[in-house]
Amino acid sequence: MSSDKKHPKESDIIKLLEGDSSRRSFIKNLSIAAAAGSAALTTGCIPSLAEASTEEMKLRWQEFFKKHYRLMTQEEKDAAVGRLERLAKLENNLDLQMGSEPPIDGVLYGYGFNITRCTGFMECVTACIKENNLDRKVHTQYIRIFEMEPGKLDPSTGDGQYYHEVPVDNKFYMGTQCFHCENAPCTKACPTKATWKEPDGIVVVDYDWCIGCRYCQAACPYYGRRFNWGKPEIPKDEINTKQHYLGNRIRPMGKMEKCTFCIQRTRKGRLPACVEACPTGARVFGNLLDPDSEIRYVLKHKKVFRMKEELETDPKFWYFID
Amino acid sequence: MNRRVGLCFLLLLSACIYGSFAMAARKSFMDEVRESEAPFDNRTVPLEKQVIEETVVTMSPNNDEFFRVLARKKQIGRYKCSSCHTDKPVKARQGLELTHSDVVLQHGLGGRALVCIDCHHREERDYLEDKKGRKIDFDHSYQLCGQCHFRQKRDWLAGAHGKRVANWAGERVVYNCATCHNPHSPRFEKRFPATYSVPLD
Ligand code: SF4
Ligand code: SF4
Numbered sequence: 043m044s045s046d047k048k049h050p051k052e053s054d055i056i057k058l059l060e061g062d063s064s065r066r067s068f069i070k071n072l073s074i075a076a077a078a079g080s081a082a083l084t085t086g087c088i089p090s091l092a093e094a095s096t097e098e099m100k101l102r103w104q105e106f107f108k109k110h111y112r113l114m115t116q117e118e119k120d121a122a123v124g125r126l127e128r129l130a131k132l133e134n135n136l137d138l139q140m141g142s143e144p145p146i147d148g149v150l151y152g153y154g155f156n157i158t159r160c161t162g163f164m165e166c167v168t169a170c171i172k173e174n175n176l177d178r179k180v181h182t183q184y185i186r187i188f189e190m191e192p193g194k195l196d197p198s199t200g201d202g203q204y205y206h207e208v209p210v211d212n213k214f215y216m217g218t219q220c221f222h223c224e225n226a227p228c229t230k231a232c233p234t235k236a237t238w239k240e241p242d243g244i245v246v247v248d249y250d251w252c253i254g255c256r257y258c259q260a261a262c263p264y265y266g267r268r269f270n271w272g273k274p275e276i277p278k279d280e281i282n283t284k285q286h287y288l289g290n291r292i293r294p295m296g297k298m299e300k301c302t303f304c305i306q307r308t309r310k311g312r313l314p315a316c317v318e319a320c321p322t323g324a325r326v327f328g329n330l331l332d333p334d335s336e337i338r339y340v341l342k343h344k345k346v347f348r349m350k351e352e353l354e355t356d357p358k359f360w361y362f363i364d
Numbered sequence: 081m082n083r084r085v086g087l088c089f090l091l092l093l094s095a096c097i098y099g100s101f102a103m104a105a106r107k108s109f110m111d112e113v114r115e116s117e118a119p120f121d122n123r124t125v126p127l128e129k130q131v132i133e134e135t136v137v138t139m140s141p142n143n144d145e146f147f148r149v150l151a152r153k154k155q156i157g158r159y160k161c162s163s164c165h166t167d168k169p170v171k172a173r174q175g176l177e178l179t180h181s182d183v184v185l186q187h188g189l190g191g192r193a194l195v196c197i198d199c200h201h202r203e204e205r206d207y208l209e210d211k212k213g214r215k216i217d218f219d220h221s222y223q224l225c226g227q228c229h230f231r232q233k234r235d236w237l238a239g240a241h242g243k244r245v246a247n248w249a250g251e252r253v254v255y256n257c258a259t260c261h262n263p264h265s266p267r268f269e270k271r272f273p274a275t276y277s278v279p280l281d
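Those protein sequence lines, which keep their order, are chains A and B. In terms of this note's numbering, the first sequence opens at residue 43 and continues consecutively. In terms of this note's numbering, the second sequence opens at residue 81 and continues consecutively.
No lab work stands behind these hints, which were simulated from the structure alone. Don't take every hint at face value.
In silico lysine-lysine, PhoX-like type, Cα no more than 20 angstroms apart, as pairs [unchecked claim]:
hint	chain 1	residue 1	chain 2	residue 2
1	A	K344	A	K194
2	A	K297	A	K239
3	B	K233	A	K344
4	A	K213	B	K270
5	B	K129	A	K172
6	A	K284	B	K129
7	A	K345	A	K194
8	B	K215	B	K160
9	A	K345	B	K233
10	B	K270	A	K342
11	A	K310	B	K129
12	B	K154	A	K342
Derived CB-CB ranges, DEER-like [to be verified]:
hint	chain 1	residue 1	chain 2	residue 2	range
13	B	K129	A	H181	21 to 31 angstroms
14	B	E134	A	P321	18 to 28 angstroms
15	A	M295	B	E112	33 to 43 angstroms
16	B	V136	A	F106	22 to 32 angstroms
17	A	K284	B	V136	28 to 38 angstroms
18	A	L113	B	R123	27 to 37 angstroms
19	B	F268	A	K179	30 to 40 angstroms
20	B	V195	A	K278	52 to 62 angstroms
21	B	L280	A	N212	25 to 35 angstroms
Negatives, chain B to chain A, calculated, CB over 10 angstroms [as the list claims (entries may be wrong)]:
hint	residue
22	E133
23	V137
24	C164
25	H264
C-beta: ideal position from N, C-alpha, C; glycine also.
Let the hints inform the model, and build the full structure from the sequences given.
Below you can see the structure in the form of structure tokens.
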């Protein structure tokens, strides 16, 4: 891409300003031009007005000026996911199915992790990478598995980088990921309100409103968040095309991302990819508000604990023992 | 003097009582979860992915609720067993294949190691047999496993052992014992992990 494609030309801005003589639209256009100018400096991807005549540029223009997800009506959400699908087709010839499914009434997701059963095979980790379109180059992983000494219950004392035959006798394995805290400190730290807790308990990020300041990452006591230092690289034939606006759509560089309990699956009744992949059944997922759900059985009948309970973050992720 | 001490004590006591009431009034998130008793019908959630594997309704209900379990018989390579195990003598042309030499039996410890007929029916080879002599269908092998592994069975019925197939919602479909465990050597074999992890940034 040549440099004048990236930046709005001065003449375009003048044309824009001279285009209409009413005061109101003058100010409106001025602010758009200013935004486009500064945006071009920071992101380098805002098209000029002349180029906006092509479909792709028009879509990118509209994408750039769309609202915060939480302020969108359902029609606006539908339009936004439609634009993202079309852009993926135009830019990379990808046929995406982008969703904006809302939370299901009466559902609050909860997760159980059986530390007696986990054997450290890390099938969950690979399934998560594929499902959520994680960057293959720097090896981003939402889930980490720690090999632990008996009696220790804090993953920071365990080995998170083992690579040998597992399970090792007299060790146990403990997985971590975003715990979707009910009282999530990460969401309070965000200056742009780009991350929040949905009514079904899933803590999400609006990747287009995230400015990449990483305050949330510093606020999370569980190392639940991952930052895109570079442009994510995924082989084209491995891209998961079933996506959700708040979930596994491919994040641009400089954005925060994290486990979303596979929002693109769970809001359609499916299990998260990690639960489905686990060969030992160490992972339990379900609706906390359903008294007959598996996760409620675990909470009622098993010895459960949560990590750093004293912080009162109320994670919706419980470890349990058989 | 005495009166003053008494007054102080009374004040302290009432403060304590008030304090404990205030504590009780602040309901924790866990209490809220434990107290939510409104029934939720999983089948109202529209499912993206249907379970395509063959299933059967279990014979053991969980809290009077019947659910489904993955069928087994079609997964067993040489079922029906009675196609070989007949009254006629076996002509062992494919001897190695027919003698089940691929089966490694590592089930039960030491003196309690199991042999074939501990689980397989003595006469009717298309069935399993439990310790009470009941005939058990291969699709319902959990009935057999559960006679020794009763704790696991109790957890499996309610969902703390084993796992659901594909969906958290919809009709409950779970893996059968033998879907995950090789019944002849049920312990998971040691192996290398599927991937490795690099340090967090
Ligand atoms: S685990 Fe961390 S990222 Fe996840 S909700 Fe809690 S504080 Fe936020
Ligand atoms: S990195 Fe993004 S989501 Fe996190 S606090 Fe900053 S703007 Fe908010």
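Taking the hints in turn, this is what the structure says about them:
With a C-alpha separation of about 19 angstroms, the suggested pair K344(A) and K194(A) falls inside the 20 angstroms cut-off, and the hint holds. With a C-alpha separation of about 18 angstroms, the suggested pair K297(A) and K239(A) falls inside the 20 angstroms cut-off, and the hint holds. For the hint linking K233(B) to K344(A), the alpha-carbon distance of about 15 angstroms falls within 20 angstroms, and the restraint holds. The suggested pairing of K213(A) with K270(B) holds, with an alpha-carbon distance near 13 angstroms, which does not exceed 20 angstroms.
As the CA atoms of K129(B) and K172(A) are separated by approximately 18 angstroms, the hinted pair is consistent with the 20 angstroms bound. The hinted pair formed by K284(A) and K129(B) meets the criterion: a straight-line CA distance of about 12 angstroms does not exceed 20 angstroms. Taking the CA atoms of K345(A) and K194(A), the gap is about 16 angstroms. The hint holds against a cut of 20 angstroms. At most 20 angstroms may separate the alpha-carbon atoms for a hinted pair to count; K215(B) and K160(B) meet this at roughly 15 angstroms.
Taking the CA atoms of K345(A) and K233(B), the gap is near 18 angstroms; set against the 20 angstroms cutoff, the hint holds. Between K270(B) and K342(A), the direct Cα distance comes to roughly 32 angstroms. Violation of the 20 angstroms bound is thereby established for this hinted pair. Under the criterion of a C-alpha separation no larger than 20 angstroms, the hint pairing K310(A) with K129(B) is consistent with the structure, at around 8 angstroms. For the hint pairing K154(B) with K342(A), the CA-to-CA distance comes to about 36 angstroms; that exceeds 20 angstroms, so the pair is violated.
Checked against the hint of 21 to 31 angstroms, the pair K129(B) and H181(A) passes, with Cβ atoms roughly 29 angstroms apart. E134(B) and P321(A) have their C-beta atoms about 21 angstroms apart, which keeps the hinted 18 to 28 angstroms range intact. Taking the beta carbon of each, M295(A) and E112(B) are about 40 angstroms apart, inside 33 to 43 angstroms as hinted. With their beta carbons about 54 angstroms apart, V136(B) and F106(A) fall outside the hinted range of 22 to 32 angstroms.
Taking the beta carbon of each, K284(A) and V136(B) are about 30 angstroms apart, inside 28 to 38 angstroms as hinted. Between L113(A) and R123(B) the C-beta distance comes to about 34 angstroms, which sits within the given range of 27 to 37 angstroms. Here the CB-CB span from F268(B) to K179(A) is close to 32 angstroms, well matched to the stated 30 to 40 angstroms. The supplied range of 52 to 62 angstroms is met by V195(B) and K278(A), whose beta-carbon atoms lie about 54 angstroms from each other.
At about 26 angstroms, the CB distance of L280(B) to N212(A) agrees with the hint of 25 to 35 angstroms. For E133(B), the non-interface assignment is confirmed: its Cβ lies about 13 angstroms from the closest Cβ of chain A, beyond the 10 angstroms cut-off. The claim that V137(B) lies off the interface holds: its Cβ sits roughly 17 angstroms from the closest Cβ of chain A, which is beyond the 10 angstroms cut-off. Every beta carbon of chain A lies more than 10 angstroms from that of C164(B), the smallest distance being close to 31 angstroms; the non-interface claim holds.
No Cβ of chain A approaches the Cβ of H264(B) within 10 angstroms, the least distance being about 17 angstroms, so the stated non-interface status holds.
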